[in-house]
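*Asks:* Please work from the sequences and hints to get the whole structure.
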Amino acid sequence: MAPIVSMTGIEKRFPGVHALKNVQFDLEAGEVHALMGENGAGKSTLMKILSGIYSRDGGDLQIEGRSVSPDSPRAAQDLGIGIIHQELSLMNDLTVAQNIFIGREPRKSFGRLDEAALNAQTAEIFAPMNLTLDPKAPVGSLTIARQQMVEIAKALSYRSKVLIMDEPTAALNEAEIAELFVIIRRLRAEGVGIVYISHKMDELKRIADRVTVMRDGEYVGTVDAIATPINQIIAMMVGREVKDDPLDVPDLSQAEIALEVRGLSRGREIHDVSFSVRKGEILGFAGLMGAGRTEVARAIFGADLRDAGDIRVHGQAVPIASPSDAVRAGIGYLSEDRKHFGLATGMSLRDNIALASMHRFTRRGGALNDDAMRDAAQGYIRQLGIRTPSDTQEVRLLSGGNQQKVVIAKWLLRDCDILIFDEPTRGIDVGAKSEIYKLLEELAAQGKTIIVISSELPEIMRLSHRIAVMCEGRLTGILQGGTETTQEDIMKLATQREAAMQPTGT
Amino acid sequence: MTSATETKSKTLLSHLVDTGAHQKLLAFASLIALLIGFSIASPNFMQTSNMIAILQATSVNGVLAVAATLVIITGGIDLSVGTLMTFCAVIAGVVLTYAGMPLPLGVAAAIGAGAFCGLCSGTFVAKMKIPPFIATLGMMLILKGLSLVISGTRPIYFNDTPGFDQISRGSLIGEIIPALPIPNGVLILFLVALSASYILGRTVLGRYTFALGSNEEAVRLSGVNTDAWKMGIYALAGGICGIAGILIASRLNSAQPALGLGYELEAIAAVVIGGTSLSGGRGTILGTLIGALIMAVLTNGLRVLSVAQEWQTVVTGAIIILAVYADMVRRRQTN
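Heads up: the sequence lines are chains A and B, in that order. Our numbering puts the first residue of the first sequence at 1, with every later residue one more than the last. Our numbering puts the first residue of the second sequence at 1, with every later residue one more than the last.
No lab work stands behind these hints: they were computed from the structure.
Selected chain A positions facing chain B (Cβ under 10 Å, derived; list incomplete): (1) R328; (2) I331; (3) Y333; (4) G366; (5) C416.
Don't be surprised by glycine CBs; every beta carbon is placed ideally from N, CA and C.
*Replies:* The structure is reproduced here in structure tokens:
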């Protein structure tokens, strides 16, 4: 039997870029086919061609053995191809059912809407998915995971035979991922072909049947997901073996305590969190999504006000009521969401690096010393190896890894010696990740105090000298870094709920 | 990367032109096209006296538009610039005509009142977190009412203050070069624009203005006291409205308390035609100046061609939509 989707020799050019070069991809009915590659490898472009958003410049696309050229998302839908984008595209103020049937609402005479039929048809779609969702609930009131289910239901309502999922787990926690995988497996059993785009290696092993790897717009190869070691897949992605140096935990028992937090509380998010970090130490914060790690970081940094808690920096109590207080005390916070909280992306690299330190470049009368700003920015471009044509380049044009380096440079220039990294490698390519890890280790070795918050356990274990674990707003334990601590140890603490709060039956 | 010499050799004027030049090419080309078009259509248009009339007409709206530009670059909007201008003119009238104080004091009072009102708007926006549209809408009405209350709804004349009308109508340049009787109002607009451009391009306040419009939360999380800077920008814009108040009072030789409403929309129109983004983070003073000139040329040109007043308004509206559409198209191409 012919595969549902067969793409061969696909070519795509954009002005100045040869985005896809002779790429092939095929998808069988009832399989989950993972599509892997670094950012910019061409995965999304390929899937946009399949889903009718882009037209191809060359090659052949066959659906169930028939050559087709869908020229719009609508045309692709009619061919049975549904796509769920990374950024959900739902209307928050409409109900679940209204969202699913947008543009093809059941109608009564004179253009009146048939809400009853709408809700009934939605329930019909949910039934085979085993999804218990109220069709009349406003989408905005649902969790991100549930919203994703709505997107899947919407795609299936077009009788899709092919479902493309672009990083569907990016915003989900462990329990929600498990829920999603149940649905994916059920769809697979019913013969839907699923293209699964993700950066998370462990998910591959759990959900995918085959893996196709792309690099720089070219097809690298297709391998069996279960039988192929992860290292080999990574090597295919980056074109070389990525080797991590083993973690070397230094003895810091004599080092000065740089940051001490006692009894930190904020609403229902943080309950009585106390810990300390020494100069030159890397303290990892592990926990499930929503455990309160980011909230702790934001409270220490003064981005959100805390209800209670003392913060001591180098032994001195500091009253932190705003980010500017924290910065004055030498604390810098690098948000997971660089685009929203870390960078003015429309401005130049130079301006972004100087953003926290403008007072240094101010002459009398408030005039800026642009030459000094340029020199400082160029110094950090060299020191941190930021790849950019010049210091006047707009930050939005840099890659994720280089954007992260710009934020690091901003805090280094501000003389911050306590740096809190929230998901430092989110959205950063595999190859650039190890570069960021090395950078963090160098900073610690220079005597900076580093706190790393990460949802990826391998990342926590790769970096941390000690590992603080949180669950539901409480600090459930601090583990020693290095080889004696296992992922299971961390997960045990991360799921250690407060006895009193534990519902019966779990 | 040795741009040191290049940077140093940049003069203030070239900076003003330089940052806007390639971005504002379109607006500038439209301005030239309009000038040529009207010259062909009517021989009276290209007369020196008519050109000076256009410049004179640009001065008040231009200064207000500069103030509006500053606020718009932060991602905000200021609807109160028009009535604030009137309020400042009335304050000048109170100080000069009612209290009989000397001229410089009246000017200082007008600018000070403007800066204070701007600071109030800034406080509403930054500290009380009221959306700029609402905060300045409220301020617009408050100031309109206060102008009428303070003046007793009657115009205040400046007949007792000799030289007051010369602030706008006199011509320092004309005294030096008689062939070029450019009114002082235009000179003041030029100086205001140059200063604002310098502040935007070369000072911390200016850099933060763009940064706030680009990503306010990122700026706050960089440890910058965003509230204070934002208030500073609104206060600066208010002070510039005070200058506009002096200009219009001088041109009319009176403070007209009923005037002012509608000026804010003309100012915002000039800003938008000049290519400044209403979503903040981008914009130039040069663009705003060109925008203000386009509006003045249009009004004047249509009047010279004896087009009815009503139709002039229709054309102005169409031009605004066209200008913003052209800017969108250009942006889509560069992205």
